[in-house]
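Following the hints, position chain B against chain A.
Letter by letter, the chains look like this.
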Amino acid sequence: MDDHLVLERLTKRFGANPPAVDGLSLAVPRGALLALLGPSGCGKTTTLRLVAGLERADAGRVVVGGRDVTGLPPEARNMGVVFQSYALFPHMSAAANVGFGLEARGLPRAERNTRIAEALTMVGLSDLADRKPRALSGGQQQRVALARALAIRPELLLLDEPLSALDAQLRDGVREEIRALQRRLGTTAVFVTHDQAEALAMADLVAVMDRGQLEQCGTPEDLFERPATPFVAGFVGRTSRFAAEVEAPGRVRAKGHVLEAEGTPPRGPVQVFIRPHRIRLGGEGQIPARVATRTYEGATALVSLDTSLGLLQAEVPADLGLREGDTLFATLPPAALRVFPA
Amino acid sequence: MTGWLLAAPAVAVMALGFMLPVLVLARISLNRTDDLGAMQPDLGLATYDKLLSDPFTTELSISTLGLAAGSAALAVALALPVALTIRAAPPRWRGPLALAAVAPLLVSGTARVIGWLAILGDEGLINMLLGALGLPEQRLINNWTGVRIGLTESLMPYAVLVLLAGLGRLDPRLDEAAATLGAGRTRTFLRVTLPLAAPALAAAFALTLVLGISAFITPRLMGGGRVFVVATEIFDLALETVDWPAAAALAMLLLLALGALLALRSALPERGR
Chain A
1 MDDHLVLERL
11 TKRFGANPPA
21 VDGLSLAVPR
31 GALLALLGPS
41 GCGKTTTLRL
51 VAGLERADAG
61 RVVVGGRDVT
71 GLPPEARNMG
81 VVFQSYALFP
91 HMSAAANVGF
101 GLEARGLPRA
111 ERNTRIAEAL
121 TMVGLSDLAD
131 RKPRALSGGQ
141 QQRVALARAL
151 AIRPELLLLD
161 EPLSALDAQL
171 RDGVREEIRA
181 LQRRLGTTAV
191 FVTHDQAEAL
201 AMADLVAVMD
211 RGQLEQCGTP
221 EDLFERPATP
231 FVAGFVGRTS
241 RFAAEVEAPG
251 RVRAKGHVLE
261 AEGTPPRGPV
271 QVFIRPHRIR
281 LGGEGQIPAR
291 VATRTYEGAT
301 ALVSLDTSLG
311 LLQAEVPADL
321 GLREGDTLFA
331 TLPPAALRVF
341 PA
Chain B
1 MTGWLLAAPA
11 VAVMALGFML
21 PVLVLARISL
31 NRTDDLGAMQ
41 PDLGLATYDK
51 LLSDPFTTEL
61 SISTLGLAAG
71 SAALAVALAL
81 PVALTIRAAP
91 PRWRGPLALA
101 AVAPLLVSGT
111 ARVIGWLAIL
121 GDEGLINMLL
131 GALGLPEQRL
141 INNWTGVRIG
151 LTESLMPYAV
161 LVLLAGLGRL
171 DPRLDEAAAT
181 LGAGRTRTFL
191 RVTLPLAAPA
201 LAAAFALTLV
211 LGISAFITPR
221 LMGGGRVFVV
231 ATEIFDLALE
241 TVDWPAAAAL
251 AMLLLLALGA
261 LLALRSALPE
271 RGR
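Quick note, the sequences are listed as chains A and B, same order.
So for the first sequence, the working numbering puts the first residue at 1; every next one is plus one.
So for the second sequence, the working numbering puts the first residue at 1; every next one is plus one.
Looking at chain A on its own, in the form it has when it is part of the complex (with noise of 0.2 angstroms):
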């Protein structure tokens, strides 16, 4: 597959505060969908903005399908842009805000109206066609502005949050037809959240951003399996972590406990990190532990655990019978380590 976008140490600055964005590079398959994960504030708005032409980059190249267009404006790049706020043109109708982008290119009146009704009939909206959009409901506007910048035919779809502004129970369903759409159409596609389910569910490959850098891009597996900075295994997924200080390769030791680990550094202070689902509990392990509080969350229950170590989450059965209280062990397997330079 070859890379649609690349993004070159791209760098923004807004006035003397750090850098928005800061050395960014990144590459997007064909047809694959990249979220632009991180808190609010990380840069992967100013990303997006930055691909979109709406921001000026300072430094640093946007290369799509090989053609460098750090310096086009918007209107020259043909990228098909789903606003936060969805900006749907309040007087027009759901078909002349559709059909807007066609005009601008200048297609005759039959060709558009046909790509129009394309477009609205891709997200089902085709007997809506003549409403406002102050008449239509917050899912409704959000596939009409889907719908606006797939009608363009565009280089790339850019989606900013585009599910935030849903209720929750919307929010799945929509999820899973922008995902399906994407498909169909093999649309590059570019999303922001700052929702880790979000990204893990819905992309090929998510970027995690902090403080306008690229922590790390990956499928959301590698995120998940194989964080590569400690940022990630703090961020993606839930995750417990405790101090440890390596003894030899291979071993750390944290308030007297001897682990085994895999990939430690040589020798020094280390963070070590551990999902929930990856720790076992029994009548005998490796850390004396005890259950400080239980989460019931349906198949699952989530458990905090009051160990020598500090507080450890694990994730068990439901019907395991665990209650607050219970005294235990649990073993930390060295495969469920991960391991960073403290």
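By construction, these hints were calculated from the structure, which means they are not laboratory data.
A quick note: this is a predicted structure, and the numbers were derived from the prediction, not measured.
Treat the hints with care, since some could be wrong.
[To be verified] Straight-line C-alpha distance at most 25 angstroms; calculated SDA-like pairs for lysine to any residue:
id, chain 1, residue 1, chain 2, residue 2
1, A, Lys255, A, Gly234
2, A, Lys132, B, Arg173
3, A, Lys132, B, Gly168
4, A, Lys132, B, Ala202
5, A, Lys132, B, Asp236
6, A, Lys132, B, Leu167
7, A, Lys132, B, Ala203
8, A, Lys132, B, Arg187
9, B, Lys50, B, Thr186
10, A, Lys132, B, Arg185
11, A, Lys132, B, Ala197
12, A, Lys132, B, Pro199
13, B, Lys50, B, Ala38
14, A, Lys132, B, Gly37
15, A, Lys132, A, Thr114
16, B, Lys50, B, Leu60
17, A, Lys132, B, Leu196
18, A, Lys132, B, Gly166
19, A, Lys132, B, Arg191
20, A, Lys132, B, Thr193
21, A, Lys132, B, Leu60
22, A, Lys132, A, Gly186
23, B, Lys50, B, Asp236
24, A, Lys132, B, Leu190
25, A, Lys132, B, Leu194
Okay, now just chain B, sitting in the frame of chain A:
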């Protein structure tokens, strides 16, 4: 009840400062002027008859309306880019910029006119520049041109204020959305900005039109005695000719006309959103 009580001071001020003089004026307009020019107590519409049958009144109304409509339209057209620029400015600049745009309101009309004299006068800035370029001198003051320029400038701050208040629906994201869809600046302005600004533009035009029709200082001081509008005519009738009934009747007619304009504006349905 509390609302009425709180409104009472304002109502009292309006009653004393506005309603009462208007009633006095209305009463005077019903008097009549005898052949010697003296006011005689009466309760008739003779003065109105005389005014309305006088072709000069018609001429005066048309030129007043023409002046006000032209200046109001120009003021609104010039105020739109100003208001759009202020809205697009970074938040910390918006306050100072808006203040600068309405600052002319803080200056007395007379001082403004003196400023214009320095710019538009025969020895003024513009004619000096024209002279330096070897171009013929232009008469830019003490005529209709001068009044048009001065009135437009004096109406602009009001137009900016109304537009700033009325452009709330113009989300800057809409401009961005239009750009990503391939629209250049002109198309975005014509298809997005202008239609969404239309209600604010109409409101600004209505206000500046009314202010322009009743303007007195600018036509008086920048017209050099050659520009006659309804407001200057009322002044002349009252203080030069000392025909109080005629002055009062003309003032009442102006008030009625302005009231009718405002009523028409509020009766018009808001443009479809």
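To see whether the hints hold, each was checked on the structure:
For the proposed pair Lys255/A and Gly234/A, the alpha carbon gap of about 21 angstroms is at most 25 angstroms, so the pair holds. Using a Cα cut-off of 25 angstroms, the hinted pair Lys132/A and Arg173/B holds, with the two alpha carbons roughly 18 angstroms apart. Taking the CA atoms of Lys132/A and Gly168/B, the gap is near 18 angstroms; set against the 25 angstroms cutoff, the hint holds. About 22 angstroms separates the Cα atoms of Lys132/A and Ala202/B, which keeps this hinted pair within 25 angstroms; it holds.
For the given pair, Lys132/A sits about 55 angstroms from Asp236/B by alpha-carbon distance, which is inconsistent with the 25 angstroms threshold. As the CA atoms of Lys132/A and Leu167/B are separated by approximately 19 angstroms, the hinted pair is consistent with the 25 angstroms bound. For the given pair, Lys132/A sits about 23 angstroms from Ala203/B by alpha-carbon distance, which is consistent with the 25 angstroms threshold. Straight-line distance between C-alpha atoms of Lys132/A and Arg187/B comes to about 20 angstroms, which keeps the hinted pair within the 25 angstroms bound.
For the suggested pair Lys50/B and Thr186/B, the alpha carbons sit about 53 angstroms apart, so the restraint of at most 25 angstroms is broken. Simply put, Lys132/A and Arg185/B have alpha-carbon atoms about 24 angstroms apart, close enough for the 25 angstroms limit, and the pair holds. For the hint linking Lys132/A to Ala197/B, the alpha-carbon distance of about 17 angstroms falls within 25 angstroms, and the restraint holds. Taken as a hint, the Lys132/A and Pro199/B pair is honoured in the structure, with Cα atoms around 17 angstroms apart against an allowance of 25 angstroms.
Straight-line distance between C-alpha atoms of Lys50/B and Ala38/B comes to about 16 angstroms, which keeps the hinted pair within the 25 angstroms bound. Proximity of Lys132/A to Gly37/B is assessed by CA-CA distance (about 65 angstroms); at most 25 angstroms being required, the pair is judged violated. With a C-alpha separation of about 20 angstroms, the suggested pairing of Lys132/A with Thr114/A holds against the 25 angstroms cut-off. About 14 angstroms separates the Cα atoms of Lys50/B and Leu60/B, which keeps this hinted pair within 25 angstroms; it holds.
Between Lys132/A and Leu196/B, the direct Cα distance comes to roughly 14 angstroms. Compliance with the 25 angstroms bound is thereby established for this hinted pair. At roughly 21 angstroms between alpha-carbon atoms, Lys132/A and Gly166/B fall within 25 angstroms of each other, so this suggested pair holds. With a C-alpha separation of about 15 angstroms, the suggested pairing of Lys132/A with Arg191/B holds against the 25 angstroms cut-off. A distance of roughly 17 angstroms separates the Cα atoms of Lys132/A and Thr193/B; the hinted pair therefore holds under the 25 angstroms criterion.
For the hint pairing Lys132/A with Leu60/B, the CA-to-CA distance comes to about 46 angstroms; that exceeds 25 angstroms, so the pair is violated. Using a Cα cut-off of 25 angstroms, the hinted pair Lys132/A and Gly186/A is violated, with the two alpha carbons roughly 30 angstroms apart. Restraint check: the Cα-Cα separation between Lys50/B and Asp236/B comes to about 17 angstroms, which is no more than 25 angstroms; the hinted pair holds. Between Lys132/A and Leu190/B, the direct Cα distance comes to roughly 19 angstroms. Compliance with the 25 angstroms bound is thereby established for this hinted pair.
Restraint check for Lys132/A and Leu194/B: satisfied, since their Cα atoms lie roughly 18 angstroms apart, inside the 25 angstroms limit.
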